Structure formats: structure tokens, C-alpha cells
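S.K.: Here's the letter readout for the chains.
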Amino acid sequence: MKARIAIAAAAAALASGPLHAQSTLDAVKSRGYVQCGVNTGLAGFSQPDSRGVWKGLDVDSCRAVAAAVFGDHSKVRYTPLTAQQRFTALQSGEVDILSRNTTWTITRDTSLGLNFVGVTYYDGQGFMVPKKLNIKSAKQLNGATICVQPGTTTELNLADYFRANRMSFKPVVIEKLEEVTNAYFSGRCDVFTTDVSGLVSTRGSRAQNPADHIILPEVISKEPLGPVVRHGDDRWFDVVKWAVFAMLEAEEMGLTSKNIDQNLTSTNPAIQRFVGATGDIGKMLALDNRWAYNVVKQVGNYGESFEANLTPLGFERGINNLWTKGGLMYAPPVR
Amino acid sequence: MRARAAALQLALVAAVLFVFWYVASNTAQNLEARKIASGFAFLAREAGFEIGEAPFLAYSAADSYARAILVGLINTFRVALIGIVLATMLGTLLGLARLSRNWLLAKLAALYVEVMRNVPLLVQLFFLYAVITENFPGPRDALSPLPGVFLSNRGIALPLLAPHAAHAWIGAALAAGAVLAWLLARWARRRQALTGQPFPVFAAGAALVLGLPLAVFLAAGAPFALAWPELQGFNFAGGANLTPEFATLLGGLTLYTAAFIAEIVRAGVQAVDRGQFEAAYSLGLPRRRTMRLVILPQALRVIIPPLTSQYLNLTKNSSLAVAIGYPDLVSIANTTMNQTGQAIEGIAIIMAVYLTISLSISALMNWYNRRIALKGARA
Chain A
1032 MKARIAIAAA AAALASGPLH AQSTLDAVKS RGYVQCGVNT GLAGFSQPDS
1082 RGVWKGLDVD SCRAVAAAVF GDHSKVRYTP LTAQQRFTAL QSGEVDILSR
1132 NTTWTITRDT SLGLNFVGVT YYDGQGFMVP KKLNIKSAKQ LNGATICVQP
1182 GTTTELNLAD YFRANRMSFK PVVIEKLEEV TNAYFSGRCD VFTTDVSGLV
1232 STRGSRAQNP ADHIILPEVI SKEPLGPVVR HGDDRWFDVV KWAVFAMLEA
1282 EEMGLTSKNI DQNLTSTNPA IQRFVGATGD IGKMLALDNR WAYNVVKQVG
1332 NYGESFEANL TPLGFERGIN NLWTKGGLMY APPVR
Chain B
654 MRARAAALQL ALVAAVLFVF WYVASNTAQN LEARKIASGF AFLAREAGFE
704 IGEAPFLAYS AADSYARAIL VGLINTFRVA LIGIVLATML GTLLGLARLS
754 RNWLLAKLAA LYVEVMRNVP LLVQLFFLYA VITENFPGPR DALSPLPGVF
804 LSNRGIALPL LAPHAAHAWI GAALAAGAVL AWLLARWARR RQALTGQPFP
854 VFAAGAALVL GLPLAVFLAA GAPFALAWPE LQGFNFAGGA NLTPEFATLL
904 GGLTLYTAAF IAEIVRAGVQ AVDRGQFEAA YSLGLPRRRT MRLVILPQAL
954 RVIIPPLTSQ YLNLTKNSSL AVAIGYPDLV SIANTTMNQT GQAIEGIAII
1004 MAVYLTISLS ISALMNWYNR RIALKGARA
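Keeping their order, the protein sequence lines are chains A and B.
Position in the first sequence (first residue = 1) + 1031 = the working numbering.
Position in the second sequence (first residue = 1) + 653 = the working numbering.
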């Protein structure tokens, strides 16, 4: 893990000449696939299934980009990254997109040289404790030992929260998700903290008996998660941004992977534009005019992705519903 | 000929300098192009994260990145220094055990060496960590083998001597005793060289080293109070606490490095010619003195140089702490890099620190090696 950071740093040092000479979109097209940085294994967001195929909400963002660029959602190669490796991997050009439940913050947007394309999941940080400790509120956690992953906003929010409430805690900081959850489940820590989505996913996929663990009601931070690209390549930024928006827009228009073929001949002008029957939106993105059709046909709309990946683990749509249904998900118009 | 050699060397130096300049300027240019912040200004900013173990230097999330990295450095030193001492002791014992005439002891030591040095250290650390966290009970059902000692998956809680004003004086008495014992030994050696009269240095020295602090302790009214660990809320408070992460790393480094040191010690002793034993015995020296005065000084010459590299290895291997969550220098520098995004600066700090530590150990051991080397021998 250190080695990878060191190599990335060395790559940043050695790469000849400034990178903006070639745009990422051209590089991806000539390479023939999208290189996508994902989580090393977070059920529902990015995790390989029993046949080694990557599945999850974050993975679907990468597949959507591949579908938009190549018309083939499978032209993606995945690089599993830990929380600590992820930014260096993106900065140094090891990956084209970082789609790894990454929180959008001002520091990352500016001094890290990154651009967040949007939000694919609105999250917040929470605490999970074993039920037998009989704890009802995060305010009762004074003196607790808390498992946390390093290099995350989680680690900082945790320290802030305890400082603000004049409480103390002992952190156990382990990088790999498997190791840190093992430490929690073996009782090394009283509490595991990460984004609530991560807690639900961990409880649903790794706990021996999920009912033995409860997630405390306090949500102590805003964690808008979304895909990230490098600063300074606006064309690629646009492609990734609109591939993600296309999934949201499709859900709002009622287009799914099942019904989009019938809608190819729709008379609704908005749908005609979206599927590429009229207009030249694809050309504006330097993509095929059926880019959005390909995304929805091959990957599905946002709701389909959510239901396939997150609903089985016990996730509710909540604030991640469309704005028309009381949530926060809102895509700018495709026109 | 001379001129050509000089020109070649000059060209080589120029090439090396050019490579350095190229890498540095290219890095700066690329960072600039990608709008990534650079420089060391971040060190003064507030770190904002907590550290699990910060002995000797108080630390809170409100402190700076520089202080956080310093805490990491102290943690690295702590585990490396204790590890070096323990590994040397265990390794020496194992090395001598391999040479023992007792068949069982020799074979057991050989088995230990072969197993430990052929299993990767990282695997051993994961194994040890799992053994500690999975097998020990939670703090509420902690095992208590001795009163005041608690074993749980939060580590080992021990009673600690409650601080008292007389402790500083006792420490001073210990230091004074050690200095006096050293002077006494020097005087005795010189007297024996001049007159042949031996002096019971060991007994007198021990009396000085132990007696002086004891006298001060009694004079101060024997202040002996212990701070007992107690279960408070989630964890033990009071007393001393040895965390599972520290115990795992220290244990792993000690057990692994001791296997290598054992082989070095064995090789060193075996490198001394049999004739040296026989000569010493024929002079009538008893076995213990033969070892101390004849064999060990010669064996040390063989032992010290490879031992130095084992010390360096142990120190550098301590960076595997990252894997099990012990907050060493690398772990904290990694977190810093990730929070600030300044990987190149972070890696530079790590490299500079390890280089400094390693060169210091090398310098110290080389100095010691020169002291014990054969006078007049070629280096």
C-alpha cells in the first residue's frame, strides 16, 4: 500500500512534461477501456461477485461512462484502491475516474487538484455499536475505543465531534476495510464509525448476526459521495458528469433498461433528444449520439441501480430519492 | 590517463545532478499543471485527527501536523529501541542454545530459527494480532492472573508506581551508583594489571548500583504507592496500558529478528578457532572467564557488522505497523499525506527520517566495531 503511493509519487515526479498535452477522453478512446478506481470491497457500492464481476452503485458510474464512450458498458478495468491510495492514483493518472464513495469537500476540490462531477449518494457519518453494550446515543460514547479508517473525512469528523462534545476516545486506525471491520467484530473496538451507508453495508454483509449491532441515531456529518476526475480536463469532466446525470434523468423521465427500446420511437421531444433520435447532444460531448440510450439500456437508470445493489442490503431511498419524490437527486436538463 | 578519469568523473557528477534537477523541476511543473498544492506549509496546520497512543508527548486533534508526525516518530523509536534490546537478548540466548551440547535444546532452537525466519513478518503480525484480539475477552470480562493485572482484547493493564517526589532522587542515586561501579571496575582492572591482585568487582558493583537507590528509598520513608487500573465505562483507566497493537508489533519484530540474530551469534562463536578454547583452558582459565575474556571479544568482531544490519532491518520493518493500526511514523505520515494530498512531501519526510535513523545506528555500530576490532588490522 505504501509502495503504491511511493510509485504514484515517483510517477508524478517522472512523467515527462505536463499532462494536459493529451486529453483523457482521447487517451481512453485510443486505449479502448476506462480505468476506474473503486473501493477494495464495500458491498452495494463496489465489490466483485462470486464470478469476479465488479458490482455496485459506484461501479455502475464507471459502467455508465464506458457505455457512453464506447457503447459497451463492459469496457472498464477496475483498480481497487484503499482510502489512502485513491487520490494519488487519480492525480498520477493511474485511473481515469475515481468512483469510490468519496466525500466532496472544499479541500479536495481545490488543493488536491480534483473535480467532483456530482453526487451519486447523499450520506452522513454514523456510529455502529454492539447491541449488548446497551447504548442509545452517541453522547454516551465518552472513553470508548473506536475503529476508523485513516485518511478519511470520517477520521476528522470523529475528532471534531468528540472535541465539540468535550468527550474523549481511543482511535484504532487500520487502513484495510476487512481488517478494521475484523477489529470491530472481534471486540477490539467498542464502536465502528464510517458513513451510514458503509455501516449498513458492513452490518449486512460481514456481521455474523446483523441484529446484534445497532446504528446510533446521530448522523454527525454531511457526506455527499460521488465520482471524481482530475482538475484541468474539462471535456472528460463533462463526459463523466453527464453519464452520471443521464442515469438520474432517465429515472425522472421513467426510462428504464427494459422500456427504453420502445421509447426509441417516442413522440415526446425530451425523450427524442435524450435517446438521440433528434438533436446532436452526443456531438457536443464528442460522443455517439446514442450515448444516453446506451447508458440506460446497458446500465439502467439510477433507481434500477439502487434497487439492484443497495435495496437487498437494507438501504432505504430516503434523501437519495428523486427531487420529485421528496429526495435530493436532481439532474440539470438534457437539452 | 589522469585527465580522462577526471573528465569521466566530472561527466558522471554532472549527469547525476542533471537527473536530480530534471526530476525536481518536472515534479514542480506537473504539480503546478494539476493545481496540486506543494511545499511544507501544511506542517503548521491543525491536524484534526486523533492518535491512539501518544506517550511522552501530549497530543490532541487540535495540534499541528508537525506534532502529529513527531508523535509518530516517538512511537517508531519506542518500538524499535525496545525491540532491538529484546531481540538481542533473545537472539543471543537462542544462538548459544543452538551450540548447546543438549540435543533437545539445540534442535528446538534450530527449529525456531528455521520457522521464524522463513515466514514473512507481515503474516506473523496478522497472526499475532488475530490471536490477541480474537482470543482475549472484552474489558468487562478481563482475565486477571495477578491482582491489578488485566488481560483483555484492549491490551494488558498494569499497576503503575504512583509518582512521588523521591523518585527523581532514587533515579539519581541509580545513575550515581552506575558511574561509581564503572570507576571501580576501571580501578580494579588497572590494579590487577599492575599487581595481579583480583578484586570482587561484580559483588562490589552490584552493591553500589542496587544499594545506593535502596538507601535513598528507605531514607525517604519507603514511598511505595501503586496506581491501579480500574474499569471505567468502556476501558481500563489508571495504571499503565500496553495496547494490542504495540504488543503485536513489538512481539513480531522481536521474535522475527531474534531468529536472524541467533544465527549471527552462532556464526560468531563458531568463527573463533578451537585452539583459542584449548589455549585458554591450558592456561587454567575457568570456562566462564574463557568465554568472557577470550572467546566473546573475538566473536564480537564477527558478530557486530551483520548485527548492525539486523538492527537497521528491525527499525525499518517497524513500518509494517500500518497493517495492524499501530500509529508509527509511516502510519501518521500516510494519514497526513491523505488529508493534505501532499504525497511527495510526506514521502520525503518518511525517507529523510528513516535515513537519519539508519545512518545514526550505522555510525554508532561502526564506532563500536572500530573499538573492538583488532588493532592494526585492515578495515
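What the hints contain is simulated information worked out from the structure, not anything from laboratory work.
All of these numbers come straight from a predicted model, not from anything done at the bench.
Heads up, the beta-carbon is just placed ideally off N, CA and C, and yes, glycines get one too.
Just to be clear, a hint being listed does not mean it is correct.
Some chain B residues near chain A, calculated using beta-carbon distances under 8 Å [claimed, not checked]:
#, residue
1, Gln845
2, Val975
3, Pro980
Quick list of simulated restraints, FRET-style, between CB atoms [stated by the list, open to error]:
#, chain 1, residue 1, chain 2, residue 2, range
4, B, Ala697, A, Ser1199, 18 to 26 Å
5, B, Leu799, A, Arg1197, 29 to 37 Å
6, A, Arg1197, B, Ala668, 54 to 62 Å
7, B, Ala893, A, Arg1194, 21 to 29 Å
8, A, Thr1138, B, Leu799, 43 to 51 Å
Footprint (simulated), chain B over chain A, 3 or more residues, beta carbon under 8 Å [to be verified]:
#, stretch
9, 1086-1093
10, 1137-1143
11, 1175-1181
12, 1190-1196
13, 1200-1207
14, 1218-1232
15, 1253-1265
S.K.: For each hint, tell me whether it holds in the structure or not.
M.R.: Comparing the hints with the structure gives:
1. Gln845: Violated. Min distance 55 Å.
2. Val975: holds (6 Å)
3. Pro980: Cβ of B:Pro980 sits 7 Å from chain A, so the hint holds.
4. B:Ala697 to A:Ser1199: 18 to 26 Å: This hint holds: roughly 25 Å between Cβ atoms.
5. B:Leu799 to A:Arg1197: 29 to 37 Å: holds (35 Å)
6. A:Arg1197 to B:Ala668: 54 to 62 Å: holds (60 Å)
7. B:Ala893 to A:Arg1194: 21 to 29 Å: holds (26 Å)
8. A:Thr1138 to B:Leu799: 43 to 51 Å: holds (49 Å)
9. 1086-1093: Since 0 is below three, the answer is violated.
10. 1137-1143: holds (count 5)
11. 1175-1181: holds (count 3)
12. 1190-1196: Result for this restraint: holds, n = 4.
13. 1200-1207: n = 8 at 8 Å, threshold three: holds.
14. 1218-1232: This one holds; 3 residues, not fewer than the three required, reach chain B with a Cβ under 8 Å.
15. 1253-1265: holds (count 3)
Of the hints listed earlier, those the structure fails to meet are numbers 1 and 9, in rising order.
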